[in-house]
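Assemble the complex: chain A is given as a structure, and chain B must be docked to it using the hints.
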Amino acid sequence: METPSSDSPQRPIYLDHGATSWPKPPGVVDAVHDALTRYGGNPGRGAYKLALDTSRAIHSARRDIASFLGVRDAHNLLFQPGCTQAMNLVLFGLLAPGDRVVACSMEHNAVARPLNALAARGVEVVVVDADESGVLDADEVESVVAQAPTRAVVCQHAGNLTGAIQPIPDLADLAHAHGALMVVDGAQAGGHIHVDLAALSVDAWACSGHKGLLGPQGVGVLYLAPGCEPAELVAGGTGGGNSEEPLHPVVRPDRYEAGTPNTPGILGLGAAVRFLEHNADSLRERERELTHRLHEGVLELPGFSVLGPPLGEERVPIVSLVHERITSDRLAFVLDRRYQIAARAGLHCAPWAHRTVGTLETGALRFGIGYGNTHHDIEAALDALSRSAQEL
Amino acid sequence: MGIRSRRTFAVLGFLSTHDALDAEETLLDAGLDVVVIPSVKSIESLCGLALRLEPHELEAALLRLAEAGIEVSAKGEIEDV
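Residue numbers (the working numbering), protein chains in the order written: chain A, 1 to 392; chain B, 1 to 81.
Chain A with its partners taken away, still in its complex shape (with noise of 0.2 Å):
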């Protein structure tokens, strides 16, 4: 029997976007369902028609989430296990000791522990500091950047913990007037923001599958600009091509997914950004307003206080508070077991950021809005910070 959590009789409400989307659009269970039942194959491998079937299905949702982020070629668009994944494998592919990269301070651990990792191995890593609202400045950076040779910039689209979102067209534009790549963390900005990567000319940007492009766990996009070239970090199997070759394709996508992969993810995936595809421009508005009205709603309770950027400015849809007085472990405690509403205490995994911003000590509490969540959602969380304020 499943133990009750909360003695609120309301339905949950799910307000963690930022760490994962749920429930997910329709198509998405289904997409799944279907690979575990219709393309069962091991894509690439065989050319039976069971084995067929899948590797179409894979292809075509390539093709269909290329389209959607703006990748012109569908070969430069790599599935991956995740965000961090791609990030691990951009960052420990292309640096080498010796090598100067620039990182924004609000970047997540995906991006800070594999750099302090380069850094214990001959990396100059320079952190520039994002302002209060957790944006970079691009002329600090260009400024940061031409002391020295450097071979990338590396900068979150948005952030985890503030929503903010740096201007990454002027990076990539400083970068590469430098001579070096541009580096992006995508994770919070798919889905959520138009992402054009054809005009965004970055060299890198990768982002989980599971958050704002709505698809399952264990799945994530890479983009690598033709000419990105990161060494892979893993060399296998891949199907096509000629198994004789003792060394790893270069072609891609083969390149960067040796291995079985996660066909049911994939699908998954290709299925959320075909309803994404339909539905994203009036799911971005909703989005919009929720994030504001909850910003508002937070900004009108005594003791409380949002980070990031100040209200009406553009964010991704998180809006991170911290009170005077109580802490937000206790916060998201009360607000789970007596409001059943689901919110991320702590340090989100981005202490570079909470130090930015000066959390690092307290941390906060973190709202992601997403598909699914209605006004009243959004209602009922301002009701509840209200009141658990006033009684603990």
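There's no promise every hint is true.
Unchecked claim - Heads up, incomplete: computed chain B residues facing chain A, CB under 8 Å, no partners named: (1) F14; (2) T17; (3) A20; (4) V36; (5) P38; (6) S45; (7) C47; (8) L49; (9) L53; (10) H56.
Keep in mind the hints are simulated off the structure, nothing from the lab.
The structure presented is a predicted model; accordingly, all values stated were derived computationally and were not measured.
Idealized CB from N, CA, C, for every residue including glycine.
Chain B only, in chain A's frame:
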């Protein structure tokens, strides 16, 4: 089911499954009769997918694939049914 006679087909090889499926779609859209087959030794690869087509359609197929920017890694022939 009757016994079919062996005859010669053209075979095209590709560097990846992705390219093979791009090619299949391109050639089917062009009205050519192509079939995906396991890769064959005559194109020096026993792995991956290849396309089998009628010999008289080979030239048209290569032209279409070149126009689409799809790289053919190998060409050969097989006796098949």
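Status of each hint after checking the structure:
1. The interface hint given for F14 of chain B is met, as the beta carbon of that residue sits about 7 Å from the closest beta carbon of chain A, less than 8 Å.
2. Checking T17 of chain B against chain A by beta carbon gives a least distance of about 4 Å; that is within 8 Å, so the hint holds.
3. Interface restraint check for A20 of chain B: the shortest CB-CB distance to chain A comes to about 7 Å, inside 8 Å, so the restraint holds.
4. Using the Cβ-Cβ criterion of 8 Å, the hint placing V36 of chain B at the interface with chain A is satisfied: the shortest such distance is roughly 6 Å.
5. With its C-beta approaching chain A no nearer than about 4 Å, P38 of chain B sits inside the 8 Å limit, and its interface hint holds.
6. Hint on S45 of chain B holds. Least Cβ distance to chain A is approximately 4 Å, under the 8 Å limit.
7. Given the 8 Å rule on beta carbons, the hint for C47 of chain B holds: about 4 Å separates it from the nearest Cβ of chain A.
8. Below 8 Å, beta-carbon pairs count as interface contacts, and L49 of chain B has one with chain A at about 5 Å; its hint therefore holds.
9. The interface hint given for L53 of chain B is violated, since its Cβ lies 15 Å from the closest Cβ of chain A, which is over the 8 Å cut-off.
10. Look at H56 of chain B: its Cβ only gets to about 23 Å from chain A, farther than 8 Å, so that hint breaks.
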